[in-house]
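Hey, can you work out the whole structure from these sequences and the hints?
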Amino acid sequence: MNNTEETTKRIRTILLKDWDPLGVGDNPNLADEYDAYIPSVLALLGNHCTVDELERHLLGVEASWELAPDSTAAQTARKIFDTLQECQDRDA
Amino acid sequence: MISRDRTDLVRAYVHAPVSAFAPRGIVPPNTSAREMELLVERAQELLHKWNERAERLHPCMEITGEGGLMLGAGTMLGEIWRDEYGRPRLAIDGARTGALLASAFERPVAADGLAKLQRAAVLWNEDEKALAHIHLAHIGLPPCDEAAALRLFIADALLTAGASPQTLIEAQNLAPHFAKFNIDQPRVPAGNGRESGQWAGEDAGPAPAAFRSRRERGGRRGSGGFHAIHEFLDWLRGKSNESAQEDKSSELQPALSPTDSISGPVPEQHVSSPKPSDFVGQDFGKLGVGIEKPQLGIREFDSHAAERMIERGISINDMHDTVDRPLIVLQQTRGRVYYLSDNVAVVLNPKGRVITTYSASDFDAKVKALLGHIHK
Chain A
1 MNNTEETTKR IRTILLKDWD PLGVGDNPNL ADEYDAYIPS VLALLGNHCT
51 VDELERHLLG VEASWELAPD STAAQTARKI FDTLQECQDR DA
Chain B
93 MISRDRTDLV RAYVHAPVSA FAPRGIVPPN TSAREMELLV ERAQELLHKW
143 NERAERLHPC MEITGEGGLM LGAGTMLGEI WRDEYGRPRL AIDGARTGAL
193 LASAFERPVA ADGLAKLQRA AVLWNEDEKA LAHIHLAHIG LPPCDEAAAL
243 RLFIADALLT AGASPQTLIE AQNLAPHFAK FNIDQPRVPA GNGRESGQWA
293 GEDAGPAPAA FRSRRERGGR RGSGGFHAIH EFLDWLRGKS NESAQEDKSS
343 ELQPALSPTD SISGPVPEQH VSSPKPSDFV GQDFGKLGVG IEKPQLGIRE
393 FDSHAAERMI ERGISINDMH DTVDRPLIVL QQTRGRVYYL SDNVAVVLNP
443 KGRVITTYSA SDFDAKVKAL LGHIHK
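Just so you know, the protein sequences line up as chains A and B, in that order. According to this note's numbering, the first sequence holds residues 1 to 92 in order. According to this note's numbering, the second sequence holds residues 93 to 468 in order.
Check the hints yourself; a few may be wrong.
Some residues of chain A that are not near chain B, with every Cβ distance over 10 Å (derived) [as the list claims (entries may be wrong)]:
#1 Asn27
#2 Leu42
#3 Asp70
#4 Ala74
#5 Gln75
To give an idea of the chain A side of the interface with chain B (calculated C-beta under 7 Å), a few residues [stated by the list, open to error]:
#6 Leu22
#7 Gly23
#8 Asp26
#9 Asn29
#10 Leu45
#11 Ser64
#12 Glu66
#13 Ala68
Computed list of lysine-lysine pairs in DSSO-like fashion (alpha-carbon distance at most 27 Å, straight line) [to be verified]:
#14 B/Lys460 <-> A/Lys17
#15 A/Lys9 <-> B/Lys468
#16 B/Lys367 <-> B/Lys221
#17 B/Lys378 <-> A/Lys79
#18 B/Lys458 <-> B/Lys378
#19 B/Lys468 <-> B/Lys443
#20 B/Lys208 <-> B/Lys141
#21 B/Lys378 <-> A/Lys17
#22 B/Lys385 <-> B/Lys468
#23 A/Lys17 <-> B/Lys458
#24 B/Lys443 <-> A/Lys17
#25 A/Lys9 <-> B/Lys378
Calculated from the structure, these hints are not laboratory results. In this text, all values refer to a predicted model and were calculated from it rather than measured experimentally. Even glycine gets a Cβ: it sits at the ideal position worked out from N, Cα and C.
In structure tokens form, the structure reads like this:
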């Protein structure tokens with residue numbers, strides 16, 4: 001598995017397990033629920049976005065669902081950054 | 093025996109091309125017995141058709157690739173045809189569809205509501221199926237209940253018999269703007285500041301914008317002149333009840349065994365089906381906590397949900413069935429409300445917007461265990 005595939009897979013898991021604004025992340029049959037948002041996350045990371053920018057992006061996606069606010073977007077953004085860093089460190 | 097004022101409505105159906113719901117007294121004084129018989133036969137035929145189709149009602153408009161734009165008891169508001177490349181194409185005849193919807197919901201249909209329908213058809217033809225269904229949802233029609241479905245069915249029968257949409261509308265005292273409706277007429281753009289989503293009448297309940305005619309927007313109440321259809325329906329309902337009772341007695345007859353005839357009929361068994369109130373306060377972990385079915389219906393669809401619907405092969409009617417008649421309703425975190433039936437799970441946001449949905453084939457062990465608990 002190359003670096004991009006690994007990163008994509010890990011982002012997918014984070015979106016499902018940590019972000020999961022729709023509450024379906026535990027269901028293995030719905031593992032594709034947030035796949036549509038992975039490319040934009042990867043694009044932001046590719047453009048060297050900050051954690052805050054990534055958080056704002058996730059909040060922007062959530063906005064259309066008009067859910068009660070919580071802190072998962074911030075935690076998710078942080079975790080994605082840490083994961084990316086981990087992948088880069090391992091490759092270095 | 094059919095009373096005179098019912099018979100003239102039946103005749104209106106039979107002779108729709110000439111006189112659909114035209115001035116009363118359609119049946120002349122010298123109508124023969126044979127003519128009367130024919131009228132009754134025709135009504136019975138219609139009734140039989142209704143009884144067959146009413147078994148599966150579609151409360152919301154739905155575009156099916158084979159039939160077209162469907163509502164109520166399988167009534168087609170728009171037909172699918174094939175172009176020269178064999179591609180399915182949805183066509184909406186604005187006048188016909190407007191007459192059908194107005195008859196079903198007893199309100200004139202505003203031009204912008206029809207324009208949205210046309211737009212949905214264009215999107216569907218461009219293979220933007222999710223967007224097309226979103227446009228349909230945004231028209232904001234109320235759910236097509238059985239009564240509305242029956243009115244729709246009759247109106248369709250009248251049109252099929254040859255009545256023109258305009259005749260049908262005019263005979264029911266609809267707003268005159270309808271006849272002048274032109275789909276190409278420039279529209280007032282969205283966001284112009286007009287209030288939307290309210291009934292125009294002072295004594296009416298909430299109603300979608302699609303039914304507000306320009307005159308109603310000016311404060312005039314809907315004409316409510318659908319007495320002809322109402323009277324016809326009353327008569328049909330009476331007939332329907334009669335035939336239902338006949339069916340019931342004929343079903344019971346062969347079930348009676350010799351023993352029954354001695355000991356009497358088997359007592360009726362009352363099996364109560366599970367309902368949300370049976371599970372109020374029960375905690376199902378991440379799935380949520382059981383609550384009473386809230387006064388929250390499906391009001392709109394998020395684009396994410398629309399895509400999941402398409403991907404997962406879930407129809408709007410499946411979702412409405414689940415939200416209207418759930419086995420259980422769970423309050424989840426962040427204000428989400430989870431509706432579950434044996435076939436579909438639907439998640440709404442606190443405002444009634446569908447945010448995601450999945451079908452039984454995607455139920456995981458937790459959901460299956462929950463269903464097992466419900467049916468225990």
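The hints, checked one at a time:
Not every C-beta of chain B lies more than 10 Å from that of A/Asn27, the closest at about 4 Å, which undercuts listing it as non-interface. Look at A/Leu42: its CB is around 19 Å from the nearest CB on chain B, clear of 10 Å, so calling it non-interface holds up. With a minimum CB-CB distance of about 6 Å to chain B, A/Asp70 fails to clear the 10 Å threshold, and the non-interface call is violated. For A/Ala74, the requirement that its beta carbon stay farther than 10 Å from each beta carbon of chain B is met, with the minimum near 14 Å.
The claim that A/Gln75 is not at the interface with chain B holds, since no C-beta of that chain comes within 10 Å of its own (minimum 14 Å). Interface restraint check for A/Leu22: the shortest CB-CB distance to chain B comes to about 5 Å, inside 7 Å, so the restraint holds. Residue-level restraint check for A/Gly23 holds (minimum Cβ-Cβ distance to chain B is 5 Å; threshold 7 Å). Here the hint on A/Asp26 is kept, as its CB sits about 6 Å from the closest CB of chain B, short of 7 Å.
Restraint check, A/Asn29 versus chain B: the minimum CB separation of about 4 Å is within 7 Å; hint holds. A least Cβ separation of about 22 Å between A/Leu45 and chain B goes past the 7 Å threshold, and the interface hint is therefore violated. With 7 Å as the threshold, the beta carbon of A/Ser64 comes within range of chain B, its nearest partner Cβ sitting at about 6 Å, so the hint holds. For A/Glu66, the interface hint holds, the least distance from its beta-carbon to any beta-carbon of chain B being 5 Å, beneath 7 Å.
Given the 7 Å rule on beta carbons, the hint for A/Ala68 holds: about 4 Å separates it from the nearest Cβ of chain B. Note on B/Lys460 and A/Lys17: the hinted pairing holds, with a Cα-Cα distance of about 21 Å set against a maximum of 27 Å. Simply put, A/Lys9 and B/Lys468 have alpha-carbon atoms about 39 Å apart, too far for the 27 Å limit, and the pair is violated. For the proposed pair B/Lys367 and B/Lys221, the alpha carbon gap of about 33 Å is over 27 Å, so the pair is violated.
Of the supplied pair hints, the one linking B/Lys378 and A/Lys79 holds, its CA atoms being roughly 21 Å apart against a limit of 27 Å. A distance of roughly 10 Å separates the Cα atoms of B/Lys458 and B/Lys378; the hinted pair therefore holds under the 27 Å criterion. For the suggested pair B/Lys468 and B/Lys443, the alpha carbons sit about 32 Å apart, so the restraint of at most 27 Å is broken. For the given pair, B/Lys208 sits about 31 Å from B/Lys141 by alpha-carbon distance, which is inconsistent with the 27 Å threshold.
Restraint check for B/Lys378 and A/Lys17: the C-alpha separation of about 12 Å stays at or below 27 Å, so the hint holds. For the proposed pair B/Lys385 and B/Lys468, the alpha carbon gap of about 20 Å is at most 27 Å, so the pair holds. Annotation: proposed proximity of A/Lys17 to B/Lys458 holds, straight-line Cα distance about 16 Å (limit 27 Å). Taking the CA atoms of B/Lys443 and A/Lys17, the gap is near 25 Å; set against the 27 Å cutoff, the hint holds.
Distance check on the hinted pair: A/Lys9 and B/Lys378 sit about 23 Å apart at the alpha-carbon level, within 27 Å; holds.
Violated hints, in rising order: 1, 3, 10, 15, 16, 19, 20; the structure is consistent with all others.
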